[in-house]
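The listed protein sequences correspond, in order, to chains A and B. Per our numbering, the first sequence starts with residue 1, numbered consecutively. Per our numbering, the second sequence starts with residue 483, numbered consecutively.
Please note that a few of the clues may not be correct.
Under 8 Å between C-beta atoms, here's a sample of chain B residues computed to sit facing chain A [as the list claims (entries may be wrong)]:
id	residue
1	Y493
2	A535
3	L582
4	V585
5	S588
6	S589
7	F591
8	L626
9	T631
10	L635
11	I637
12	V643
13	L645
Calculated Cβ distances over 12 Å to all of chain A for the following chain B residues [unchecked claim]:
id	residue
14	F492
15	N515
16	V516
17	S528
18	L553
19	V557
20	L578
21	L579
22	K600
23	A601
24	T622
25	G641
Rough simulated footprint, nothing fancy, chain B against chain A, three-plus residues with beta-carbon under 8 Å [as the list claims (entries may be wrong)]:
id	region
26	55 to 68
27	112 to 118
28	143 to 149
29	284 to 290
Just so you know, these hints were derived from the structure itself, not from any lab. Please read all numbers here as calculations on a predicted model, not as lab measurements. Glycine included, each C-beta is placed from N, C-alpha and C at the ideal position.
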Amino acid sequence: MLPIIHWNLISLEVLMTIILVMLVLLDIFLPKDVRDDWIGTLSFIFLFGLILFWIDQRDIRGVTFNKMFVMDSLAWFFKGFFLVVMVFIFAMTRQYFKSLGQRRNEFYLLLWLALIGLCFIASSADFLLMFIAIEILTISLYVLTAYLKSDKLSIEAGMKYLILGSLASGFFLYGMSLLYGVTRSTGFEMIQSFVNTHAMTPLSLFAVVLIFAAVAFKIAAVPFHMWVPDVYQGAPTPVTALLSVGSKAAGFLILIRLFFGIFAGWHPQWSLVLAILSAITMTYGNLVAIYQTNIKRLLGYSSIAHAGFLLMGASAGSMLGAAAINFYLLGYLFTNLAAFLVIVLFSAETHRDEIEDYAGLSKRSGILAFSLLLSLVSLAGIPPLAGFFGKFTLLMAVVNRGYIWLALVAAVNIVISLYYYLMIVKRIYVDLPINASPIAVSLSMRLILGIAIFGIVTIGIFQGPFLDAALTAVKGMYLFHL
Amino acid sequence: MIKNMPSFCFYLFAALLILASLSVILARNPLYNVLALVVAIFSLSSLFVLLEAFFVGIVLLLVYAGAVLVLFLFVVMCLELQSISLSSAQQGRLRLLGILAGVLFSSSFFWAIQSFIKANTLGASSIRGTIETIGKILFTDYLLPFELTSFLLLIAIFGIVSLAQGALSTGKEELPS
């Protein structure tokens with residue numbers, strides 16, 4: 001018998017699919033010289049339309065498709081998150097490919113597919129659906145990473161990401177099938193009721209560890225971080241931005257769904273492991289970042305370090321911890337995307353990504369220098385910007401849990417990260433430029449940069465509503481259990 | 483004899499599977515590796531048939547032995563990889579580490595499975611692995627994941643179009659050879 005389908009729950013994804021089909025048709029029928037611009041502009045308009053639709057959906061909650069597809073507060077929160085991320089990514093793509101002079105129509109279509117994958121990850125309440133949603137995201141990212149096929153670094157990055165990503169998918173699938181063998185279900189509700197009534201056995205531990213390994217690959221936590229530096233450096237910059245914000249957020253979303261939801265009954269067994277992993281991850285990321293000379297590579301290691309910070313929230317295993325993850329990701333979105341926007345705009349003019357080229361940026365373009373300054377300082381966690389309050393809530397969560405040592409490790413790491421972030425700031429503002437030609441920034445890009453800066457400052461100063469939103473997202477989560 | 487037929491078949495195919503898998507990793511000639519993999523897949527699918535999971539058995543044969551491995555064979559034969567000896571990568575510390583990790587992983591996994599079988603309270607699954615049951619489940623309970631796989635195919639098409647077609651841009655850059 002067919003399950004009853006509540007279409008209003010899944011309407012956002014259906015709309016996205018319709019948009020995708022429309023864009024594919026336009027791609028076929030539009031003349032070649034206007035095609036790329038049209039698809040880019042239309043994508044932008046549709047994204048804003050979808051954001052309006054998403055706001056309209058704020059009260060729609062429920063489960064459908066045989067309890068596989070869930071629209072809860074967490075899914076709603078993250079769908080909005082992904083839509084905003086995509087607005088920035090589309091803006092970057094336009095700018096990035098304009099300077100390269102390459103065709104970009106498939107790039108847009110693949111970005112839409114990645115967005116669909118992200119939204120389905122946010123809504124999946126079944127391991128099978130979750131796996132396919134993750135694959136939709138990851139496989140489109142493989143293609144996007146290798147998109148610049150005349151660039152050897154891009155191809156190398158795509159190849160590395162494909163091989164290691166397939167390994168991670170294998171882990172996920174293996175863990176998922178073992179879990180099915182233990183619980184006889186792929187649905188989250190059934191698995192949760194099994195977890196709550198049964199003790200952890202060696203086989204279920206095996207399954208959980210394998211699934212966690214796959215998620216750790218997504219969020220780039222040590223020891224599953226090996227792909228990060230090369231892929232971040234080689235991929236087209238908009239894709240790097242998507243990997244560092246969208247893909248990472250998706251990983252943490254899965255982490256929250258699994259470890260604050262269905263596996264929460266086995267909480268004592270994994271809390272300490274997560275805490276240790278968190279400490280190792282942030283220390284590794286920050287120490288290696290010091291030696292980087294390429295800014296995309298540096299942000300790669302910095303994103304490993306941030307994965308470590310975010311894991312603190314997961315190890316806390318409390319409602320505050322999960323809310324802190326959500327809140328931190330909100331700040332991280334604007335902060336990191338502002339940094340990547342500057343990188344895109346800078347390399348559009350200079351075609352270089354080395355840190356030494358950023359010398360004297362303040363004399364070449366005031367707005368780029370200021371945006372990069374704000375985002376780096378916010379990444380380092382200096383008040384009153386978004387990064388500071390995010391780190392503060394995460395620290396609060398682990399201290400409440402009793403991991404004082406972890407809070408100390410994090411504090412030391414914040415100091416280490418300050419060093420390399422401020423080294424770039426020194427280069428921008430103190431050093432003399434090698435080439436003093438000014439860098440022009442168009443009005444539309446100024447506007448996008450302005451939005452990002454506005455986000456960084458607003459979240460830093462008026463934390464209240466954002467923290468509320470992060471907390472509500474966790475509280476109303478389907479199968480939330482602590 | 484007839485009564486013991488299933489378990490006889492099980493041991494036969496299991497032994498074949500182990501032998502074939504060993505020769506996949508031990509044979510020096512890539513061509514033999516691939517052919518051994520075909521045998522391994524065949525015995526694996528026979529095991530699934532013995533478990534009455536007919537659909538999985540057939541899919542294994544069709545997809546892996548039929549499509550993927552033929553592709554492997556083509557690649558191996560077209561690239562003439564026979565001349566490349568794999569022995570250098572198999573030597574030294576890497577080999578020792580590999581064996582250690584393999585033994586550690588498989589023994590702990592074996593232990594986990596053992597303890598699970600001893601404590602299993604759920605009993606055997608009642609689902610038959612025929613094409614009919616799988617078709618029914620796929621189009622009712624698992625409708626959404628099934629439909630979503632179409633996105634995967636779409637990505638594959640876009641990926642091929644964008645990665646495999648001729649020069650992307652003005653045509654002055656060349657593919658790295």
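**Item:** Supplied contact hint for L635 of chain B, tested at 8 Å Cβ to chain A
**Value:** Since the shortest Cβ distance to chain A is 10 Å, the answer is violated.
**Prompt:** Is the Cβ of S528 of chain B more than 12 Å away from each Cβ in chain A?
**Reply:** 20 Å, holds
**Interface exclusion of L578 of chain B relative to chain A, criterion Cβ beyond 12 Å** = About 20 Å separates L578 of chain B from the closest Cβ of chain A, which puts it past 12 Å; holds.
**Asked** Once the closest CB in chain A is found, is it more than 12 Å from K600 of chain B?
**Response** For K600 of chain B, whose nearest Cβ neighbour in chain A is about 10 Å away, the distance does not exceed 12 Å, so it is violated.
**12 Å Cβ clearance of G641 of chain B from chain A** = Nearest chain A Cβ is 4 Å from G641 of chain B, so the label is violated.
**Prompt:** Taking a Cβ-Cβ distance under 8 Å as contact, does the region 284 to 290 of chain A have three or more residues in contact with chain B?
**Reply:** violated (count 0)
**Prompt:** Closest CB-CB distance from A601 of chain B to chain A, is it above 12 Å?
**Reply:** Per Cβ check, A601 of chain B is inside 12 Å of chain A; nearest 6 Å; violated.
**Prompt:** Can A535 of chain B be said to touch chain A, with a Cβ gap under 8 Å?
**Reply:** 13 Å, violated
**Prompt:** How about V585 of chain B: closest beta carbon in chain A under 8 Å, or not?
**Reply:** This hint is violated: V585 of chain B lies away from chain A, its Cβ roughly 16 Å from the closest one there, beyond 8 Å.
**Asked** Is it the case that V516 of chain B keeps its Cβ farther than 12 Å from each residue Cβ in chain A?
**Response** About 19 Å separates V516 of chain B from the closest Cβ of chain A, which puts it past 12 Å; holds.
**Asked** Against chain A, does L579 of chain B keep a CB gap of more than 12 Å to every residue?
**Response** Correct as stated: the minimum Cβ-Cβ distance to chain A is 15 Å, above 12 Å.
**Item:** Cut-off 8 Å, beta-carbon criterion: hint that I637 of chain B touches chain A
**Value:** With Cβ-Cβ at 5 Å, under 8 Å, it holds.
This entry does not satisfy hints 1, 2, 3, 4, 5, 6, 10, 22, 23, 24, 25 and 29, going by the numbered hints stated previously.
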